[in-house]
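A.B. asks: Next come the chains, spelled out residue by residue.
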Amino acid sequence: MAVTTQLTWMQEKVLQNCFGGKQFSLLYKATIHGSSSGDLLQRCSNQGPTITVIYSETYIIGAYVQESYQQINKGSVILFSFQRTENSEFEIRRFKACTNNDVDGQRCDRNILYYGNRDLNINIYTCYISMSYNIMKEIGLPLGDICFQECEVFRCEDLLDQRKINMVTELSKSLSSDMRTYNPCRGLVHQIRILLLGPTGAGKSSFINSVKSVFRGRVTNQSVMGFDTKQFRTYSIKDGKDGNPLPFVLCDSMGLGEKEEGLCIDDIFYILKGHVPDRYQFNSIKPITPSHVNYIDCPLLKDRIHCVAFVLDANTVENLSQEMVAKIKRTRREVIKCGVVHVVLLTYVEDLHLITKADLVDPYRCMPVKFKIEAVHRELGFPLSDIFVVSNYTLEWELSLSKNFLILSSLKQMLRAADDFLEDLPPEETDGILK
Amino acid sequence: MAVTTRLTWKEEKSLQKLLGHASLTLLYKSSVHGYSIENMLQRCTYQGSTITLIYTKNNIFGAFILGHYPKIGEKSESLDSSFCFSLQKKDNTIEIPTFPFNRVPEITANRLAFYFCDYTLFCLNTELKQIVIVYRLEDKAFTTPKRFHYLECEVFRVEGIKDDSCYVRRVTRVTQHREHLLAELRAYKPSTCLIPEIRILMLGPVGSGKSTFINSVKSVFQGHVIRQAIAGSDITSITEQYRIYSIKDGKDGISLPFMLCDSPGLEEKEEAGLCIDDISHILKGCIPDRYQLNPQKPITPSHSTFITSPSLKERIHCVAYVLDVNSVNHLPCKMVKKFKRVQKEVLHLGIAHVALLTKVDNWDEILQDDFLNMNRSMTYESQIMHVSKMLNIPISNILMVGNYASECELNPLKDVLILSVLRQMLRATDDFLEDLPLE
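Protein sequences, first through last, are from chains C and D. All residue numbers for the first sequence refer to numbering that gives the first Met the number 0, where the first residue is 0 and numbers rise by one. All residue numbers for the second sequence refer to numbering that gives the first Met the number 0, where the first residue is 0 and numbers rise by one.
No lab work stands behind these hints: they were computed from the structure. Remember, predicted model here, so these are calculated numbers, not experimental data. Misleading hints may appear alongside valid ones.
Taking CB as the label site, the calculated pair distances span [unchecked claim]:
hint, chain 1, residue 1, chain 2, residue 2, range
1, D, P99, C, Y127, 43 to 49 Å
2, D, E267, C, E397, 55 to 61 Å
3, D, I394, C, L40, 56 to 62 Å
4, C, K356, D, R110, 44 to 50 Å
5, C, E257, D, E406, 32 to 38 Å
6, C, K336, D, E178, 35 to 41 Å
7, C, E373, D, H67, 45 to 51 Å
8, D, S30, C, N110, 26 to 32 Å
Coverage of chain D stretches by chain C, computed from C-beta distances (three or more under 8 Å per stretch; other residues unrestricted) [what the hints assert, rightly or not]:
hint, segment
9, 19-27
10, 43-52
11, 348-356
Built from N, CA and C at the ideal position, the CB exists for glycine as well.
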């Protein structure tokens, strides 16, 4: 049998968040490692803070202890319980046990774990726990002794420890460097143009600001947010305050809207082919025409869009109206017809249920993020491997390591997508450079 | 003191990848929990498979043990798929050469020794805090015993892997086999000089994974996931053009002498999806790259881009029927009829053909442990027999694959499967080309 926890991802996550963004390492499991306090102490002593979890038929009960397991220790203790339930909504009830120096925080004696002033007793040999009635009421348990089926002990570590911080720092530096030295498809064009498309309010302009912020070194707000974008804008990104332009440009457009509102579908072809000039004022009902004074008649390859990013708010992506879904699909078909490679960006991932700042370092391992990505795949048809998550700068004044990393990672994928597009252009459009 | 590993994140990532994306849980750390064997065993027994790491000043040595950690004095018996390894820094990457054990490690009160036959590969002496190395992994050679003082010993539980020896053997050998296959395919030359490039056409229902397979092949040669052939799903085909994709060997590499051709999906209805008459023209090489296909109106010789006298190299040399393995047994009658009509044309034109079953769940078990042949997995036997009968294709040319559809990173086990499938397609093609009448 494998040594794995009974906690579901959701249960473990709620517990981790409850105790300050920890991650848990399973050290002891009574049904495998033995039912004596000696068996437990062998594995769990000197491991730092621990959490002991008891599984009864209907409740999960436990204790968080700040100090290492020892015969006796005086660290603070938090008792908790929650109901075992199939749905993902459950509440942890907590009780801070006595931290009076006169009373031991935790004690092991003859197969019984004592907490506080006998606030909680766990007998791992007979598989019963007893608790003072006051505390049972406090944390929502039915009165009386409780029989349990399993006892697990975990070491608690910070989810975002120094090692992980070092990792993200190093990776972000590497990604930034790759962006600066990026050479689109052996110099076919000097700059990649990435078009952001998506419903109004999904975070397109916010993403542009976030990218600018990453390379500026502080949060910047050049692209006006909070108002519907009505113009076609191309934003060059500078490397540092007075640095050189980076080899990619982000293009913002009017958001997709319901019915006759938002970006006109017929405009998309012209945007993708490079006919629409910077600052062109969109009209929801009437696409640009060749007779428009600013229409670009013969756009070069460098004027075209080389990659499209569909920007969707992770929190509302499952509540899109049928009309919006249909519009996104139609838009995607236009992009496909023009042969432009595209990805999906899910924004505001930090607002998803249970997600904390520390999770942003590796969000793809989190169930709520996986569910959203699968929802996009299922409802809109994008391949799973083309869907990325980001967290934009909206309220902050200073940069965040994990947000930078997510933004840079998604940019890298877009540059790769652009390479895929450029490499696949027909020979007559590349003047034979690639042959 | 916090109980955390000395491994850098990059080193940990390399170890996890070595075992097929396992995760590691630190159980024992000698500087915290005591240096004796007894201290170690207290925490490490009955924890499932483990990795033991020993840090010297300049190196990290390790042992992977499949199954529970042995106890003091435990009798020797056959130990399958456990191995020793070391972490070697090379340029910007970390390499992990391995060597197998075939005996249970021998544990006494202060000594932990790992064996291959009667040779001690390395030995940990906790009393002296020394590690004795007898086998140099980087050179794959035995050496006179070398002693090093070690700084730390850590033991991790390995989670997320299948706890059986076949799986471990497979994941530890896969990288070597991947390089072998890549080299073979890079060196591939069509068996006849009349045809410098092989063209393989993907044919199959909407959503069966044709474009995704092409992207997967390209991804393997590029070294990262690619999305050039537009994939995804919708009620009707995402692909509307006929496309010919060349495969580049690495970024800025040269094109390899085979091309994968993508087509719109087949549909049940007569006037929807790829038109049968267009298929005939594609097979003969009359349709140019990027031609916009019309389900209701096949191309005609009078079309401006129609290729009236295609050369041998412009023809399709192999057809891969692409089917979702989960829908093979439920194909509508009309779809089956379409397939048979297409197959008739393919046979008439003397074109090689294989079937490719996609969306296979246990793709990591399709190949045998040595990666040379397919396992005849009981899971999909009925699907394989069904396709074999429907299209009259020998079972050895019914291939199974798991495309890169949901990952952002390459997986060497999946790479090997994709490359093996591609190689089989090229072999099937060569068989047919050798049978070409001289014209």
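A.B. asks: For every hint, state whether the structure bears it out.
C.D. replies: Structure-based check of each hint:
The hint said 43 to 49 Å for the Cβ distance between D:P99 and C:Y127, and at roughly 47 Å that hint holds. Here the CB-CB span from D:E267 to C:E397 is close to 58 Å, well matched to the stated 55 to 61 Å. About 58 Å separates the C-beta atoms of D:I394 and C:L40, a value consistent with the hinted range of 56 to 62 Å. Checking the proposed 44 to 50 Å range against C:K356 and D:R110 shows it holds: the Cβ atoms sit about 47 Å from each other.
Here the CB-CB span from C:E257 to D:E406 is close to 35 Å, well matched to the stated 32 to 38 Å. Taking 35 to 41 Å as the suggested C-beta distance range, the pair C:K336 and D:E178 conforms, at roughly 39 Å. Between C:E373 and D:H67 the Cβ separation comes to about 36 Å, which falls outside the hinted range of 45 to 51 Å. At about 30 Å, the CB distance of D:S30 to C:N110 agrees with the hint of 26 to 32 Å.
Evaluation of the coverage hint for the segment 19-27 of chain D: fulfilled, as 3 residues show C-beta separations to chain C shorter than 8 Å, against a requirement of three. Chain C is given as covering the segment 43-52 of chain D, and this holds because 3 residues of the stretch bring a CB closer than 8 Å to a CB of that chain, at least three being needed. Judged by the Cβ-Cβ criterion of 8 Å, the segment 348-356 of chain D is not covered by chain C as claimed, because only 0 of its residues qualify and three are needed.
Hints 7 and 11, counting from the list given before, are not met by this structure.
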